[in-house]
Amino acid sequence: MGSSLTTTANISLVNGAQAKNIFWVPTLDATIGVGTTFYGTIVTGRDATAKTGAVINGRILAGATLAGTIALDTNTVNVPAP
Numbered sequence: 052m053g054s055s056l057t058t059t060a061n062i063s064l065v066n067g068a069q070a071k072n073i074f075w076v077p078t079l080d081a082t083i084g085v086g087t088t089f090y091g092t093i094v095t096g097r098d099a100t101a102k103t104g105a106v107i108n109g110r111i112l113a114g115a116t117l118a119g120t121i122a123l124d125t126n127t128v129n130v131p132a133p
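In this text, residue positions in the sequence shown follow the numbering used here: the first is 52, and each later residue adds one.
Hints are computed from structural coordinates only; laboratory data are not their basis. Treat the hints with caution; some may be incorrect.
[To be verified] Pairwise CB distance ranges, derived in the manner of DEER restraints:
| no. | residue 1 | residue 2 | range |
| --- | --- | --- | --- |
| 1 | 65 | 122 | 16 to 22 Å |
| 2 | 65 | 118 | 16 to 22 Å |
| 3 | 120 | 67 | 20 to 26 Å |
| 4 | 121 | 66 | 19 to 25 Å |
[Claimed, not checked] Straight-line alpha carbon distances no greater than 25 Å define the calculated SDA-like cross-link-like pairs of lysine to any residue that follow:
| no. | residue 1 | residue 2 |
| --- | --- | --- |
| 5 | 102 | 79 |
| 6 | 102 | 62 |
| 7 | 71 | 108 |
| 8 | 71 | 110 |
| 9 | 102 | 56 |
| 10 | 102 | 126 |
| 11 | 102 | 66 |
| 12 | 71 | 55 |
| 13 | 71 | 87 |
| 14 | 71 | 86 |
| 15 | 102 | 113 |
| 16 | 102 | 122 |
| 17 | 71 | 116 |
| 18 | 102 | 117 |
| 19 | 102 | 128 |
| 20 | 71 | 114 |
| 21 | 102 | 88 |
| 22 | 102 | 119 |
| 23 | 71 | 129 |
| 24 | 71 | 85 |
| 25 | 71 | 112 |
| 26 | 102 | 63 |
| 27 | 102 | 116 |
| 28 | 71 | 133 |
| 29 | 71 | 97 |
Backbone N, C-alpha and C fix where the C-beta goes; we use that ideal spot for every residue, glycine too.
Build out the structure end to end from the sequences listed, making use of the hints.
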C-alpha cells in the first residue's frame with residue numbers, strides 16, 4: 052500500500068481472519084477515525100494517529116522510514132495474543 056491510510060468506518064473480520072495476521076503498511080501516515088474499530092498491525096513510514104474513541108485491535112508501529120510518532124486520544128488498544 053502506498054501513501055497514507057485513513058479510516059472513517061469500522062473494519063470487520065470475516066471467515067476466521069485474526070487481527071494478529073493482518074498488516075497495514077502505509078509508506079507515509081495512518082489515521083484511525085473517530086469512534087472506529089480497527090483490526091491489525093499498522094507499520095507506518097512516519098506518524099500514526101488514533102482519533103477520539105477509536106478502538107485498535109492490534110498494534111501501531113510508527114517511523115519505519117523516518118522518525119515517527121504515535122498520537123492517541125482516549126483510545127482502547129487491545130494487543131492480540133501471539
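Here is how each hint holds up against the structure:
no.: 1; hint: 65 to 122: 16 to 22 Å; in the structure: 30 Å, violated
no.: 2; hint: 65 to 118: 16 to 22 Å; in the structure: 36 Å, violated
no.: 3; hint: 120 to 67: 20 to 26 Å; in the structure: 34 Å, violated
no.: 4; hint: 121 to 66: 19 to 25 Å; in the structure: 30 Å, violated
no.: 5; hint: 102 to 79; in the structure: 17 Å, holds
no.: 6; hint: 102 to 62; in the structure: 15 Å, holds
no.: 7; hint: 71 to 108; in the structure: 9 Å, holds
no.: 8; hint: 71 to 110; in the structure: 9 Å, holds
no.: 9; hint: 102 to 56; in the structure: 13 Å, holds
no.: 10; hint: 102 to 126; in the structure: 8 Å, holds
no.: 11; hint: 102 to 66; in the structure: 28 Å, violated
no.: 12; hint: 71 to 55; in the structure: 21 Å, holds
no.: 13; hint: 71 to 87; in the structure: 18 Å, holds
no.: 14; hint: 71 to 86; in the structure: 21 Å, holds
no.: 15; hint: 102 to 113; in the structure: 16 Å, holds
no.: 16; hint: 102 to 122; in the structure: 8 Å, holds
no.: 17; hint: 71 to 116; in the structure: 22 Å, holds
no.: 18; hint: 102 to 117; in the structure: 22 Å, holds
no.: 19; hint: 102 to 128; in the structure: 12 Å, holds
no.: 20; hint: 71 to 114; in the structure: 20 Å, holds
no.: 21; hint: 102 to 88; in the structure: 11 Å, holds
no.: 22; hint: 102 to 119; in the structure: 17 Å, holds
no.: 23; hint: 71 to 129; in the structure: 11 Å, holds
no.: 24; hint: 71 to 85; in the structure: 22 Å, holds
no.: 25; hint: 71 to 112; in the structure: 14 Å, holds
no.: 26; hint: 102 to 63; in the structure: 18 Å, holds
no.: 27; hint: 102 to 116; in the structure: 23 Å, holds
no.: 28; hint: 71 to 133; in the structure: 7 Å, holds
no.: 29; hint: 71 to 97; in the structure: 22 Å, holds
When held up to the earlier numbered hints, the structure conflicts with 1, 2, 3, 4, 11 and fits the remainder.
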